[in-house]
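> Hints in hand, dock the two standalone chains.
Residue numbers (our numbering), protein chains in the order written: chain B, 1 to 297; chain V, 1 to 286.
FYI, nobody ran anything at the bench for these hints, they're computed from the structure.
Hints are supplied without guarantee of correctness; some may be wrong.
Under the rule of at most 30 Å between Cα atoms (straight-line distance), these lysine-lysine pairs were calculated in the DSSO-like manner [to be verified]: (1) Lys218(B) - Lys103(V); (2) Lys293(B) - Lys207(B); (3) Lys293(B) - Lys103(V); (4) Lys207(B) - Lys218(B); (5) Lys235(V) - Lys64(V); (6) Lys235(V) - Lys71(V).
If the Cβ cut is set under 8 Å, some of the chain V residues that face chain B in the computed set are [claimed, not checked]: (7) Asp56; (8) Leu162; (9) Leu270.
From the three backbone atoms N, C-alpha and C, an ideal C-beta is built for every residue, glycine too.
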Amino acid sequence: MHPFEGKAKANSAGSSLPYGAGRTTVQAVTSESQAVRRLLIGIMLIFIVLMLILPLAAVFSQALKKGAEVAALAWTDPDAWAAIRLTLATALVVVPLNAIFGLSAAWCITKFSFRGKGLLSSLIDIPFSVSPVIAGFIFILLFGAHGWFGPLLDAHGWQIIFSWPGIILGTLFVTFPFVARELIPLMQAQGIQEEEAAITLGATGWKLFTRITLPNIKWGLLYGLVICNARAMGEFGAVSVVSGHIRGVTNTMPLHIEILYHEYQFSAAFAVASLLVLLACLTLVLQYWLDRKRQVH
Amino acid sequence: MLTNIAETKAKPSRKAHRVLPGFRLTLGFTLVYLSLIVLIPLSTIVLQSFQMSGSDFLALITDKRIISAFKISLLTSLSAALFNVALGVLTAWVLVRYSFPGKTFINGLIDLPFALPTAVAGISLTAIYSQNGWIGQIFYAVGIPSAYSAVGITIALVFIGLPFIVRTVQPVLEEWDTETEEAAAILGAYRLRTFVFIILPQLIPAILTGFTLAFARGIGEYGSVIFISGNMPFKTEIAPLLMMTKLEQFDYPGATAIALMMLLISFLLLFIMNLIQWRYARRWGS
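The following block holds chain V by itself, in its conformation from the complex (with noise of 0.2 Å):
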């Protein structure tokens, strides 16, 4: 806390501060250009559930199918999201710390679905997992409906979600200093018991950060699902879809209705990960 007053004071005042040229000019473009192609057009959701009665957008939003293309939309992601917490953390434990042949080109291929159009994935994906694709072949002959189902909205979006565990996790396993491992293994500790109440509890706050992106965006996601979901209503239709089908009939209420809580569902689950991370760093920060 002393330290903190001591360095406040110590900071030159605001207009001391701006010694270099191009605030004036910089912030204002900044500003200017972030409303004209975010925040107005980004309003617009807010304004025009507005001139619904609260009835009326209480009506659109509990409409069955809408409900269950939320159900749907929520669930995919949220399986997605945490078959890939697993798969992720495994991923970045193993480029971390061991060493095998391809290594870096592994490494370099994880961001593949950050630069891969996701319409190219979406149709990939479904020839690969329908019922004659390469592996679908086999998931089928199990019984196992890997395209044209909620598995298969699942299986785009771990594909969609999978860089955002490995990319957030990667970083801090690197800067992981092993002395408290040694510690604990001179103490008897196993390995398995070192990593689950050592390690693993240390890389909580990225892993929370990894899931709760890819979680958002598995909600949002919309191209690399539309075409293994099958589109069913009720059965594989995703809340995004829902919205563009509401656009196309111009049913701007109800496209507005599911726009609204989508922004809403994500912002809250942004606010919730940003609250539990703050608390996580009051109690173990240093």
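The shape of chain B in the complex, shown without the other chains (with noise of 0.2 Å):
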């Protein structure tokens, strides 16, 4: 999904007319009445206000219900800051983790023909069509007390569901397939005869990555991470299941939320709430900005 792709040509219906044609004298012929532009303009503003918009206006209003006082209490609360610091973290992780694997499977995808190509290319895109609920339950399955390596786990007292590696297992299945789904069709794009020609003249392969390969995917890279980083810090579902919400030690930002809201103090969930839609436009603007960049390259 390339929110911006063929921008220039966006305003096709009023530069593409024959015989110059001006924009407002004289109506295209694939183009609709101005009466039927306006009515069906309104009724996409009025969708993308009311799904879009006001969530979004929303959440700060209800944040600053009860006054900025209230809303500030919330932020330097000590278990909002635990929430703050486990999300931080669990992107820390994850999105590195993610980044290293959508490079190396965008890279054997890409870069060789081997059997079996196509079968691996959709494997890697199954977490998109599980459900984060399914997501949290099998690492339950597998680490749970009553689960496959439960027993083993105990025995040692590693402890990875209702704590932070369960939280990480969970993120990365979420995640798992957005680096790559970024990286491999701008990867098969690009064609494999740069790097060729640098292993031709000499070049070795760590010096073939960072030279060649990095450089002309670097922004593609950069937004599949924008994106991967959105989804971890805001995984709700997954991390639900395995956290065990427990305040202060297993609480990420979306549970703490949860949790201030089931608790009736909905000024100061919307406050947290406020400093995920922060989180939310920047990954917009990034978003944006990105993929201009990449179009230019």
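Quick look at the structure:
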């Protein structure tokens, strides 16, 4: 999904008129009457305002409903800080791991031909079609107290479920395909000629990767990292299953929001949520910027 | 056909193709990581359900509460996906064909449901569409309970599924050549007729992809739904939530049965979509 692809062509209704027909004076045969255009734009705007803009506005409005002091208290609460730290730490582990995987998968899928390539490519997409709660459940089946490795973990005093390793595993699963999905089409389109030339000229594998491949894919890679990070920090279902909701210990930011909400501390819940809204907005801005960078190259 | 054969013959053999380094390393790492994070964990559901006898499994999934949860999940996801097809195609059309102030902003905002954490979306939509909310007031005034009801679940799923249709239809419209439209107009077709008979058929594969992705995502969606749904058994309890409830009661067989059903439904959906896509491409493809 590349949001701004073909931006240059976006105004095609006006610019592709035959015989230089004016935009306003003559209605093109491939456009609608002004009334219809306005009606359609209006319907779309109502839809976007109701579904996308109001939810954003509501978060800030609800957060400040009881005054800025309540919101500030929610931000400085030690449990909130613990949740923010856990969320950041999780993303810090998950995003690099999935990035290394994405690079590795994209390299072998796009630079070589081998049997089962199509199958491998579709296996990578599996987490997209698995419910987040299932993503949490499978790790409980493996590592939970009654799970397959439960007794073994227990004997060594290790804990995965209801602890941070479980949160990391669930998040790894849910955000698994994001970097690979960005890189595979990009590297497919770029082909292997440049790399082959470098090898012929005597470049080593590492030099080849850092000097040729990485500069070619950097914007696409960053785009994948940004989406992967947004999903890692915001994951709720999978983490909710494995975390055990221990305050100040295994609560990520989305889980902290849920607990506050269920305790009827709505303003506090929305105050913490507003931080995640800012993260989402930052993500969208970065996506927009990276996409423009990517098109220039 | 002939060109295909020529191409395969011209291709160098598999071995000779591997001029670049790192094939074994990257393939090995990819397979190990894929197995550890996705394949082995996911196989537990299948293996776990083999531990049940067929009749036990059947008894579990024909449980009234499970059936009603799946009914609610499927119906709300389907209505949300259909609603998104209509409004999503309209949105993609407006974004590609018309120019208006704020277009870049709205185009960027379409990805919000991908970027916004689902729990945040859930509590925010609940605040807007509940009885005292900004929009909820209007809905409740005309007798539609827009929160803690199937309508509420559908609203959350419309939010979640919105980008899927827009982002699959948009690129097709952008690459669309207006020549056939001009021809249709010259031959005397009205604008609406041109849209329905000339443009829409070309959009169908993209719409189908977006619809299936949104539908499948809706069935598994948890975070944005549980706040607005009210979670009443037999009324507004969705399948993922019932799975969660079973887990909390340590009813692992029940949770496994629901998980397996959900996996089967989403893989079946994707399979059917690919099948239709493939047949459509064979019939209409170049």
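> Against each hint, give a clear statement of whether it holds in the structure.
Consistency of the hints with the structure:
With a CA separation close to 28 Å, the supplied pair Lys218(B) and Lys103(V) stays within the 30 Å bound. Among the hinted pairs, Lys293(B) with Lys207(B) is consistent with the structure: their alpha-carbon atoms are about 24 Å apart, no more than 30 Å. Simply put, Lys293(B) and Lys103(V) have alpha-carbon atoms about 19 Å apart, close enough for the 30 Å limit, and the pair holds. Of the pairs offered as hints, the one joining Lys207(B) and Lys218(B) holds, with about 15 Å between alpha carbons and a cut-off of 30 Å not exceeded.
For the hint pairing Lys235(V) with Lys64(V), the CA-to-CA distance comes to about 12 Å; that is within 30 Å, so the pair holds. Proximity of Lys235(V) to Lys71(V) is assessed by CA-CA distance (about 10 Å); at most 30 Å being required, the pair is judged to hold. With a least beta-carbon distance of about 17 Å to chain B, the hint placing Asp56(V) at the interface is violated under the 8 Å criterion. The closest approach between the C-beta of Leu162(V) and any C-beta of chain B is roughly 6 Å, which is under the 8 Å cut-off, so the hint is satisfied.
Interface restraint check: Leu270(V) against chain B, minimum CB-CB distance 6 Å, threshold 8 Å, status holds.
Consistency note: the structure conflicts with earlier hint 7 alone.
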